[in-house]
Structure formats: structure tokens, C-alpha cells
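Residues per chain, in single letters:
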Amino acid sequence: MSEILRFRDWAEPVPPAAREVVSKLPEADEGRPPLLFVPGLGHGGWAFAEHWLGHVAARGFPAHAVTPRAGGDLRAQAHDVVQVAASLPRQAVLIGHGTGARVVARALGRYPARAAVLVAPVLDGWAALGAALRSNPAGTVPALAGGRLRFSARQLFGANVPAEEAAAHLERIGARPRADLFGRADLPEPVGGPPVLVAGSPDDRVVPRAALDRAAARYGGAPLLFPGMGHYLMLEPSWAEPIDAVLDWLLKEL
Amino acid sequence: MQDTPDLGDRGGAVCVIGAGASGLTAIKNLRELGFAVDCYERETSVGGAWNWRHDRSPVSAGTHLVTSRPLTEFPDFPMPDTWPDYPHHSRVLEYLERYAGHFGLSDHIWYGMEVVSVVPAGDGRWDVTINSTGGGSSRVQRYAAVVIANGHHWSPVSPEIPGDFSGQVIHAAGYKDPSRLRDRRVLVIGGGNTGCDIAVEAAQHAERVWHSTRRGYWYGPKYIGDRPADQVRHRKGPAWLRERRYRRAAADLTRWGVPAPEHAPFESHPVVNGLLPEYLRHGRIEAVPDVSRYDGKAVELTDGRRIEPHLVITATGYRPRFDFLAPELLDIDERGRPDLHLHVFARKHPTLAVVGLVQPDAGLFPLAHWQSVAVARWLRLHGTDPERASAVQREESQRPLASWSRRRVVPTRRHWFEVDHVDYLRTVESLLSRLEGVK
Ligand SMILES: Cc1cc2nc3c(=O)[nH]c(=O)nc-3n(C[C@H](O)[C@H](O)[C@H](O)COP(=O)(O)OP(=O)(O)OC[C@H]3O[C@@H](n4cnc5c(N)ncnc54)[C@H](O)[C@@H]3O)c2cc1C
Ligand SMILES: NC(=O)c1ccc[n+]([C@@H]2O[C@H](COP(=O)([O-])OP(=O)(O)OC[C@H]3O[C@@H](n4cnc5c(N)ncnc54)[C@H](OP(=O)(O)O)[C@@H]3O)[C@@H](O)[C@H]2O)c1
Chain A
-14 MSEILRFRDW AEPVPPAARE VVSKLPEADE GRPPLLFVPG LGHGGWAFAE
36 HWLGHVAARG FPAHAVTPRA GGDLRAQAHD VVQVAASLPR QAVLIGHGTG
86 ARVVARALGR YPARAAVLVA PVLDGWAALG AALRSNPAGT VPALAGGRLR
136 FSARQLFGAN VPAEEAAAHL ERIGARPRAD LFGRADLPEP VGGPPVLVAG
186 SPDDRVVPRA ALDRAAARYG GAPLLFPGMG HYLMLEPSWA EPIDAVLDWL
236 LKEL
Chain B
130 MQDTPDLGDR GGAVCVIGAG ASGLTAIKNL RELGFAVDCY ERETSVGGAW
180 NWRHDRSPVS AGTHLVTSRP LTEFPDFPMP DTWPDYPHHS RVLEYLERYA
230 GHFGLSDHIW YGMEVVSVVP AGDGRWDVTI NSTGGGSSRV QRYAAVVIAN
280 GHHWSPVSPE IPGDFSGQVI HAAGYKDPSR LRDRRVLVIG GGNTGCDIAV
330 EAAQHAERVW HSTRRGYWYG PKYIGDRPAD QVRHRKGPAW LRERRYRRAA
380 ADLTRWGVPA PEHAPFESHP VVNGLLPEYL RHGRIEAVPD VSRYDGKAVE
430 LTDGRRIEPH LVITATGYRP RFDFLAPELL DIDERGRPDL HLHVFARKHP
480 TLAVVGLVQP DAGLFPLAHW QSVAVARWLR LHGTDPERAS AVQREESQRP
530 LASWSRRRVV PTRRHWFEVD HVDYLRTVES LLSRLEGVK
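Protein chains in written order, with the numbering used here: chain A, -14 to 239; chain B, 130 to 568.
So that you can see chain A by itself, here it is in the shape it has in the complex (with noise of 0.2 Å):
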């Protein structure tokens, strides 16, 4: 398909639709860029919103979560990434988790990030797919006939999150996946050629490790690793972990 070319978007743009931003701003004005989180399948800006977003507003970056069009496709979701960011009075950072990940490889061709993260990035359906079948078989069958996707706490995080925590959680963690978000579709190239970083957990049981060096390799580089964490690692005991050091690599590529 060709980038330049866009007789889809030139005949049927994507129409408007209501898309919900939350957002945290740092005390003063540094001139950083902002960073805006995507949520991935079944969960919304406020996976972001309970730890991570207050985090990053703390150390002096803008932050933004999108929640892309609910039952968009992938296509139309990262169109809401790409409308939220070009928003924003700065260049911004894409941070997608899970299939969010994916909507923001998408959105990367289309706009250019000053960087990018993918966390437990979900960008080959299939291999996630396998990975759910393994761990949560009951919960994951009847997906795969269109039906809802049932997640279990031990599928989701890692082994000290409370079960109580787990367990509210994974009420809010409601996804019907479409079969776009899943498919193995080519991955466009970065406009504008930004730095990209994966990360996530070798013992995250959706996105097994070597999906995540897969990942990483796409976008020559070799993801950085927390051990011990399941999938959400926005809201695991350990939150602070992964997204210092996402802020740190940030401070050095910027």
C-alpha cells in the first residue's frame, strides 16, 4: 500500500468520533514533549491514569491518555491517536500498551512521534493468541467465535499483585476483540524516524518473550526487560519500575 497514495483516506476519512483524554500536567512548564498513552484491547486511559500518568507529570512531562473509539478498527483508532497528538502543542511520545501498542505502530506511520514506546507490545495477534490459549484456554475460546474474552488473574499479573486488586481489575478489563487488532498485517515504517523502545516482562503470559524480542527487533533494538511482572505493568505493586526507566531512556534519546 502505498503512503503517499491515499485514495481511502482522501475518499472516506475516518469520521469524528467522541474520544476520551485524560490528562496530567506537570507544575511548571519545562518544554518537554508530551507523552500520550494508548490502552490496549478491554481497558481504558484509567489503567494509566491510577499510577503512571501523576508519575510522569511529577518528573516534568505533560501526560495525556487517549481511550481510542470504542469497537473502532485499527485503522480508525489510530486515527484517534493521530488526531489526540497533533493536538498537543508539542511533538509528542506514543506510549501504547498491549494492542494499544499496535494502534500506535500504526499511528507511527502517520505521524511523527519524537519517540515511541511499546509496552508488552501485542503486535502479532497471533502469537498472543497462542500465548492466551495456553494460560487461560476457558476465557479464550469463545473469542475466537467473536464472543467476549475472558481474562483470568493469573493470566493478566504477575504473582504479587493482592488478589483483591487483581480482582477489581480484571472487572474494568473487558474486551471483545476485533479480528484486525489480532491479524499479522506489515507494520509501517516511522515517519520521521523516531527512536523506538520496547519493554515488558519475560513473564508476562499474554505477550510471551519472544514476541517481545520480535518486537524489538522491528525496531532494531533489544527490549528492556521486568522480570517478575505480569502484562499490566502500569498496575502491578512494582509500577514505578518500568516507567522510570522508560523516562530515563526518553531524557537520553531527546
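These are calculated hints, taken from the structure and not from any lab test.
Be careful, since some hints might not be right.
[Said to hold, decoys possible] If you anchor each label on the Cβ, the simulated ranges turn out as follows:
(1) A:R199 <-> B:Q527: 37 to 47 Å
(2) B:R268 <-> A:G56: 53 to 63 Å
(3) A:E35 <-> B:W369: 52 to 62 Å
We put the CB at the ideal spot given by N, CA and C, even for glycine.
Using the hints, position chain B with the ligands against chain A.
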């Protein structure tokens, strides 16, 4: 601004002339490839034509885009999707200001500075003389390359009409809002988008309106059903079907005295105006042929008729101007028409390029974007791998003109740079693939 020992020598930096849409995207794309850039803008802010505060801005209070958002916006920085399909000019300026802010472009722009001379310094570099428009200071700086983005819609051209006219004559560039039309008899000359826009405003405000065109045109609507016409035009389908759709959508106004076009659609720059046909049908606009001469209070038309307008507005277009360099650098002929590869690259000067000098049948910004991506990659290759650069140059010199330039056009000045945006972008894409891997 001195990172080299000699204050006037800017080393590998690139000079960009103008901070309109084309200059802004040139700065952004050159910076993205790592070039140092100094942009000079003679006005005190960005936006060029879209900044109505600028004396030379050709827009008037009522101007809306004629190209819809998806075909107008930069391909990597969309306009808000909640904006109207054809935003008002003030929004286009806001968009360009946001673009400049978002990518931090203002740090590289020197405002109130006019480039008055660009001279080859030998060795492929350029001596650029810049004057402060506030008067006084002038300086010369040496650059590795020059990218001209000075626009081609700011130097008005008016027809030379014999005789004397006792009423008032202005060029459309000086028309700012309808107040000067109120209760007057107005003759608008010119059937481009400007002439049609002003004829419509006159129909809304003036006592009587004549619209003079020297030929027939395809008057395209802004909408087909509930979709912008240019979006419908890009739906999948064979070329003949799309052409038929266009022909059917265009208004047949011959019943109202408007001549039928004697050329195929897109052989003249497309007119997009949903209101003009209505006002002709309502009798608020009277179509008249070309003007032959002035005679005191009267204007004589080529069909012999005499009319007596108070005000004549010539919406007869603009001409490109490159006063700051010797014409041969851009192969400019005696009529003032430059001859550039892809309307961008100076044929004999690999470090001299022009961005935005095209008249597409769609928005200009996307073309200016891809042009400047190509210029940036070309300059990089030229600076780092001369051998491969000459190979690319050789290949490019074989590219047939007809593959990127619209060859069948009404042969008047305004079609010098007419391109079919799809053919044109396809060509730039193939040039970019020849420059593949350049970083
Ligand atoms: C009335 C009107 C409506 C239009 N509507 C549309 C539309 O709907 N869609 C569309 O795509 N296009 C439209 N256009 C075309 C329009 O020209 C382009 O959209 C766009 O503004 C061109 O940008 P540019 O940067 O190439 O030129 P400009 O906007 O003209 O900018 C050139 C800049 O260079 C500066 N400059 C010039 N010479 C010098 C110098 N020697 N030294 C320093 N600075 C210099 C000028 O001050 C100016 O800021 C319209 C044009 C007109 C006249
Ligand atoms: N709303 C908008 O967004 C908007 C509004 C205005 C303009 N624009 C754009 O701005 C650019 C300039 O448009 P424009 O309308 O100002 O100029 P233009 O496209 O050059 O049109 C000039 C018109 O004047 C006629 N003309 C030229 N010289 C003449 C002469 N000596 N005697 C009689 N008629 C003469 C031309 O006829 P020929 O066809 O015979 O040459 C043509 O009809 C275009 O790209 C246009 O699309 C956009």
C-alpha cells in the same frame, strides 16, 4: 546562529525562503533529516497567503478552502476531524500556526527579513543577502543549499484594457471584504476561483453584478450529495467513470449566458463553487464575455454591449516572481516561466530547489510536503554520496515530462504549473524510492 568560525558562513545549513505552508513543511522535513535550517520570512509571522494580516495576502474575509480537509492537510499532521469539510481561511492559518508550534519551527525562522539576492558562490554553495524589512541592516550568509518557498499567489496581474475608465478598478488581491461592494454596480473579470468567489459575494451585497469570462469553464460543485465533491472524485473506479461523474456534477449554465467549455475537465484549473450557479439562475449575476475597452463611465464588451459599473474587480490571477536571483538559475524564460524538474529542482544547480510551485487539482500542502521530503533526501544524498546522486540524476533526466506535468491544458499563464495530483504524487513517490535508504 554561529556554529562556524566565520559569522557569514553557515556551513552545511540550508536556507529556506518564506514561511508560508511550503516553507514551513520544508523546514520541518529538512530538520527531520538533520539539516540545520535558517528560514527568512519578510512578514512578521507565519502563514503566507493564509495570513490575512499580511498586506500581500490574497484571501478575503469570506474565503473558505476549495479543497476539502483530507485532500488539503499535511499527510502527517491532520486538521481536527471536527472541523468543517472546507474550513474558513482563519482556520487554515490557525492550522499552520499549530503546525509551526508543534514542530518547533519558529526557532528556525527569522521574521521581518527579506531575501534580496541569491548568488552562486561556486562549489555549489550560495551567498544569500538578507535585508531587514524594518530598514537598515543587511547581511550576507553562505549556505550549502537554498530552498525557495516564496509562493506564487501574491504578485497580482491585471489585464491591459485600452481606453480610460472613470470608475474604480482594483485587483482581487486588494479586495478584503464585501463592504466596498454594497449598493454598487460591480464588474468582476476572471473565471478562476477568485473571480467566482467575488462574483458570489457581489451577488449578495452589490446593486448589480456582471461576471466577465473570456472562455467557458467546468463549474464544479463543493458537494455531491452529502459528500465533498473532491472526496467523491477519489472513490475507486475506472477513470472514465470518474470523468463522467465529474461532467455530470458540473453545472451546465449555458441557459444563463455562460459559454460552454471548449476543453475537457481539468484542462483548466478546477473551479469549485456551489453558489455561483444559484446566483446566475436567480439573475443576480449576469454572465458577460470579455472586456474590449474602457470608455469613460462605460465598459465595452466583445459582443458590443456597453455596461456602466462603478467598480471593476480584476480577478485575473497572479504571476510567479523570483526577483532575488538571476533568471537563468531557474531557467526562467522571457515570459517569466521557470523550467524545473518536477517543478522543483533547478536543472543545472543541484543545491537549488523550489517548493510549492504547483497548481494541483487538490490541496497544495500534501504536494509541498512530499516535495520537501524529496528535496531533503536529495540534498542529503548529494552531500554524502555524489556517485549515487549522479546516478539518480541521470535516471531522473529520463523521466518523461508527461508523466508528472499536465500537458493538455488551456495554454495560459495560470496553467504553467498545473498538475494532476495523483500522477504528480506517483512520480514523487518513484523519486523517493530512488532515494530509498537516504537518512
Ligand atoms: C484566494 C486563494 C485561495 C486559495 N485556496 C486554496 C485552497 O483551497 N486549497 C489549497 O490547497 N490551496 C489554495 N490556495 C493556494 C495557496 O497559494 C496555497 O494553499 C498556499 O498558501 C501556498 O503556500 P506557499 O507557502 O507556497 O506560498 P505563500 O503562502 O504565498 O507563502 C510564501 C511566503 O514567502 C514569503 N516570501 C516571499 N518572498 C520572500 C522573500 N524574498 N524573502 C522572504 N520571504 C519571502 C512571503 O511573505 C510568504 O509568507 C489558494 C490561493 C489563493 C490566492
Ligand atoms: N476559495 C478558495 O479557496 C480560492 C479562492 C480563490 C483562488 N483560489 C486559488 O488561488 C489560485 C489563483 O486563483 P485566481 O482565481 O486568483 O487566478 P487564476 O486561477 O489565475 O484565474 C484567473 C482568471 O482570469 C482570467 N484572465 C487572466 N488574464 C486575463 C485577461 N488578460 N483578460 C481576461 N481574463 C483574464 C483567466 O482566464 P484563462 O482561463 O483564460 O486563463 C482566469 O479565468 C488558484 O489556485 C485558485 O484555485 C482558491
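Do the hints match the structure? See the list:
Between R199 of chain A and Q527 of chain B the Cβ separation comes to about 41 Å, which falls inside the hinted range of 37 to 47 Å. For R268 of chain B paired with G56 of chain A, a C-beta distance near 59 Å keeps the hint of 53 to 63 Å intact. At about 58 Å, the CB distance of E35 of chain A to W369 of chain B agrees with the hint of 52 to 62 Å.
The earlier numbered hints are all upheld by this structure, with none contradicted.
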